[in-house]
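The listed protein sequences correspond, in order, to chains B, X and W. Letter 134 of the first sequence, counting from 1, is numbered 134 in our numbering, and no numbers are missing. Offset between the second sequence (1-based) and our numbering: plus 1000. Offset between the third sequence (1-based) and our numbering: plus 2000.
Keep in mind that the hints were calculated from the coordinates and are not lab data. Don't be surprised by glycine CBs; every beta carbon is placed ideally from N, CA and C. Treat the hints with care, since some could be wrong.
Said to hold, decoys possible - What the simulated footprint calls covered on chain X by chain W, stretch by stretch (three residues with Cβ under 8 Å from a Cβ of chain W suffice, anywhere in the stretch; the number is not a length): (1) 1240-1246; (2) 1251-1259; (3) 1313-1325.
Unchecked claim - Quick list of the computed label-pair ranges, beta carbon to beta carbon: (4) X:L1122 to W:G2020: 40 to 48 Å; (5) B:R110 to W:D2196: 31 to 39 Å; (6) X:L1015 to W:D2196: 55 to 63 Å; (7) B:V167 to W:N2515: 25 to 33 Å.
As the list claims (entries may be wrong) - Some chain X residues near chain B, calculated using beta-carbon distances under 7 Å: (8) L1012; (9) G1131; (10) P1286; (11) L1293; (12) V1308; (13) L1309.
Take a look at the letters that make up each chain.
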Amino acid sequence: MTSATLRHAGWILRGNPLTAVAAAGVFLLALIAIFGPWIVPYDPIVSNVSQALMPPSAAHIAGTDQLGRDVFSRLIVAARLDLAIAVSAVGISFAIGAVIGAICGYAGGRLDRGVGRFVDVVMAFPLFVLAMAMVAALGNRVENIVIATAIINLPFYIRFARAEVNVRRNVGWVEAARACGDSHLSVVLRFLLPNVLPAMAVQISLNLGWAILNAAGLSFIGLGVKPPTPEWGIMVAEGARFISTGKWWLVAFPGLALMLTVLCFNLLGDGVRDILDPRMRT
Amino acid sequence: MIRAGRRFLSSLPALFGVLVFTFLLMRVLPGDPAVFFASGPNAGKEEIEVIRKQMGLNKPVPEQLMLYLYDVGSGNLGRSMMTGQLVTKDLRERLPASLELTLTALLIALLSAVPLGVLAALRPGSIIDHGVRFFCALGVCVPTFVSGLLLIYVFYYLLGLAPDPTGRVDIFASLPPRQTGFLLIDFLLAGDFDGWWAAFRQLILPALSMALFVVAPLARITRASMLVSLGSDFVRTAHSLGLPWWQVVVTYALRNAILPVITIAGIVFSTMLGANVLVEKVFSWPGVASYALDALLSSDYAPVQGFVLLMATVFVIVNLLVDILYGVADPRVTIG
Amino acid sequence: MTKSLLALSDLHVTFSTRRGLVEAVRGVTLSLGEGEMLGLVGESGSGKSVTGFAITRLLDAAGRITAGDIRFRGQDITRISAGDFRHLHGAAMAMIFQNPRAALNPIRAVGDQIADAITAHKRMPRDEARAQALGLLRAVQIRDPEKRMAAYPHELSGGMCQRVMIAMAISCNPALLIADEPTTGLDVTTQKVVMDLLTGIAAERGMATILITHDLGLAARYCRRVVVMEQGRLVEEAEPKTLFRAPQHPYTRRLVAASPTASSRIADLVPEEERGRHAAMHVALKPQPAPGTPPLLEVQKLTKRFDQGAAAVANFSMTISTGESVGLVGESGSGKSTTSRIICRLIDPSEGEIAFEGQSIGHIPARDFHRSLFRKDIQIVFQDPNDSLNPRFTAFDCIAHPLLRLGGMRPGDALRQRVEECAQRVGLGIELLTRFPHQLSGGQKARVGIARAIACRPRLLVLDEPTAALDVSVQAVVLQLLDRLRREDDLAFLFVSHDLNVVRMMCDRTIVLQNGHIVEQGESRAMFDNPKTAYTRELVEAVPHIEPKLAATAS
């Protein structure tokens, strides 16, 4: 199995080297998030007004902001917070959503239809607005950004786990497990969830990107993270004031950081899906 | 129609949920709502107590909820502290600006995404296909607020093609008589083509940056469902009977492939309603979202509540439209 | 012989897959006269369908004709341009596909689809095309054709959809029809009606037809000449009579033997020279149960309704004694699968009583039955071997699972021995036990499924179409295996199937179900030889028989 999977993965990677690049990118991001504060060339918080609004140069490769802080150092240090928000939000919604979804998908019937319809309706709602209102209601703090992001992610996991389990609930090996003496609960936990997890892993990777964009969007409009904390969304918001006067680096570099991060997660998700299930290849 | 009706009914609980949510928003929020409605932060204790009674805040929560529902039902969403006006009036004034922006962006997105997706699916593996896929992969990664700001940098600062990116019209321009609230339509009705052009120039950058974000999912789903339908048995049947190429592609493949696109377009539209908050902030667009955002940041909660309710209503209407469209496009849904 | 219409010479078709190039057709030479009906028979992977698609140039993008030519009316059609081929499609050659509902555009009225097929080759006003479409619907004997013009495929049954497909295929009077498994997936009675219609129309309009099928009986019944394909090659070409009486090629011999007929016996299914060491079986004399002992299984007045709808099963009663084999036959929707799952206690009946060895088990909810002592006595073998094994379990895990759960065994040497013993009993090589399902063939997966079911030595085995998804040569081996296991363990079978010939061989008694009701039951051979009810007679007559006498002399 493992050797076959590896061979298959090798085949996919040869046809799609982007996945390898994306995996390397995610690995690098993780390193930056962990070691960021120790490797930056400048202090990300202390201002130095004499150096304000300098364009990119050899000393400041991403320029400086209105308070003279090094944009590159702030970008590096921000990675930890941005990733932490996204990872914890996605982790929470995955853990809850997968279990609810799997149970609904397996049980079927009225419960399933009710939950299914509710999820459909919530998913079609402008979720960003919902997150915004939730942060407003719960209080303007980073924890609440995590909770709000987790809640708006939840329907995706419920729906996904539900659909994946539902197509398998009447499959022969599920009935066979029951005939072999497994209870419903044990069928869901020991048979269905393990079969669904690989597909969910893809969803997690894709959702991480989405969660990062959402969190950045919330802090862009002034919710959650407070200055002077370095965070990509808030850096764009601070830079926005200077775009009309041509200070592009204040927006472009945090924007690029967001874009590359999300891109890595998306490409990795697509790549993993190709490895797991060649039929789903699009 | 049956399906649309059923979907409408099934979205009512969600609407009710949003109502309860906004009610809780009012209650849970830091601070005492009575204080907002009093003369100001310096109001005396007695005055606040009186207002408390007037607002029914001393009553049990379920009764308060009923009162709240009654208020909403009779169109009373409270008063904004910022503008000093009724929230309903503020929202009515600003909604057309948001809708004009969102609908234009949706139109741009659909008109570019569907042809791109179809072209990519017709020649899988070609340069067009790779280009479309590359564009889709990038498109979903760039946040709207970043692409908006970069568009401003390029078209306003560097090229000087776009006007000052604030608001719907130049501050010195005269507005057309308000008919629909949609400036492009109102200018046309007034016969003011210079005004129309000016409004269009203001609109195009925010609409583009919003469209950029949603072109990717739309093109991606178009391509995917077009590939499925081109590879389906009934397209093979059409080939086996010697049907002309265009008929196979349009009447057989595309008509089937467009069904999932309709569904996704509904979701995309609601994503855009959310993205409005970001784009309106970037372009100082006087829409409902920037209004709600300003209110939120200055702890003025009645407008936020009204905004969330308005979004919920718009979303119910959009879903209904999507269902009706889907029902027209797919004969199978009228059954069952 | 009539004038030649189609001639393939040394045709090779290659598919490029991720494992490299795969040759699906390896040198097929074949000719077809005008108006002739030819049967192209083979098991899965034989390249029969690929040959059909190569002729009509409808191969997948991955498939290419690498050598040989296809002459249609003397012209090599492998060399003409796509644009020119379009004028042949439909007008000169048309195809009928396996899954009729998927083959029709789901969101276009069938009348319009037929009219599209007509106007693709003839310029005419839309009204006229629709009038002709209506005429075609009449020709394929669709009831109420005016109304059906506006119907969508999902509003029609599978048989109806196939008639519409036939109407489209014949709309421009092509000289050649290629029917790729046109009745696979349809009920046996529908199959007969559709085949009769298709051959009738082809004969009437003088269309040459290639019938591609896995069913030797079907080809023999409708075709004058049959060619047999194996692994991309033609192995034999003959008249059906000759083919059955004196098959030349060893593969054909195996295929003919494996195709169950009205008179075949289990032992005949595999040719003598290939029978394994188990073939010499000793039929132990069954000790008669002492009078007064309750039957192994007794079912009384079983009824099942789903969501308050009409009953899927109504008033179903039956008994099975130890070691007895009972067949349950019926067409799709007859309730046979539902019944088998209720008896296996995977779903609950709405009403009725089930007793196992005299003890009531019907009152235990299916939800809790996994804790019942009888769980290990009633086991089930599923229809599709592909989805009856957990993709994340090895063959060993699959067979060990019931032993751990129900047999009270712990992981260790004893378990390993037991699993290996089970594998040996079903003829599964021990070296295959470490493999995952996707690394096993269909027949091997079926064996794993059977090993799992017998691992705990059940008393009653429910077999839900156990061979429906298998090729006939594999089916033959699996049926023999099942029969041997039954004798060895004195197992009782509830054998659910749509294939009367299989049930007739495998079962002592048979119950015929229609719309959830028992229509007829009795001793299998007697009942099928002499059906009492009209429905059973219809079923029996619809089975494409090879002349019993012929088959008898062949075996």
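How the hints compare with the structure:
Counting residues of the region 1240-1246 of chain X whose beta carbon lies closer than 8 Å to any beta carbon of chain W gives 6, which meets the minimum of three for the stated coverage. Counting residues of the region 1251-1259 of chain X whose CB falls under 8 Å from any CB of chain W gives 5; the rule of at least 3 is met. For the region 1313-1325 of chain X, the stated coverage by chain W is not satisfied: 0 residues place a CB nearer than 8 Å to a CB of that chain, which falls below the threshold of 3. For the pair L1122 (chain X) and G2020 (chain W), the beta carbons lie near 28 Å from each other, so the given range of 40 to 48 Å is not met.
Distance hint for R110 (chain B) and D2196 (chain W): a CB-CB separation of about 46 Å, inconsistent with the stated range 31 to 39 Å. One distance hint, 55 to 63 Å for the beta-carbon pair L1015 (chain X) and D2196 (chain W), holds here, with the actual separation near 57 Å. Distance hint check: the CB atoms of V167 (chain B) and N2515 (chain W) are about 28 Å apart, consistent with the given range 25 to 33 Å. Annotation: interface hint on L1012 (chain X) violated; nearest CB of chain B at approximately 9 Å, more than 7 Å.
For G1131 (chain X), the shortest C-beta to C-beta distance to chain B is roughly 15 Å, which exceeds 7 Å, and the interface hint is violated. Annotation: P1286 (chain X) was flagged as interfacial toward chain B, and the flag is violated, the nearest CB pair being 16 Å apart, outside 7 Å. Taking 7 Å as the C-beta cut-off, the interface hint given for L1293 (chain X) holds, the closest approach to chain B being about 6 Å. Interface hint status for V1308 (chain X): upheld, as the beta-carbon distance to the closest one in chain B is roughly 5 Å, under 7 Å.
Given hint, L1309 (chain X) at the interface with chain B, is violated; its Cβ is 10 Å from that chain's nearest Cβ, farther than 7 Å.
Checked against the numbered hints above, the structure breaks hints 3, 4, 5, 8, 9, 10, 13 and satisfies the rest.
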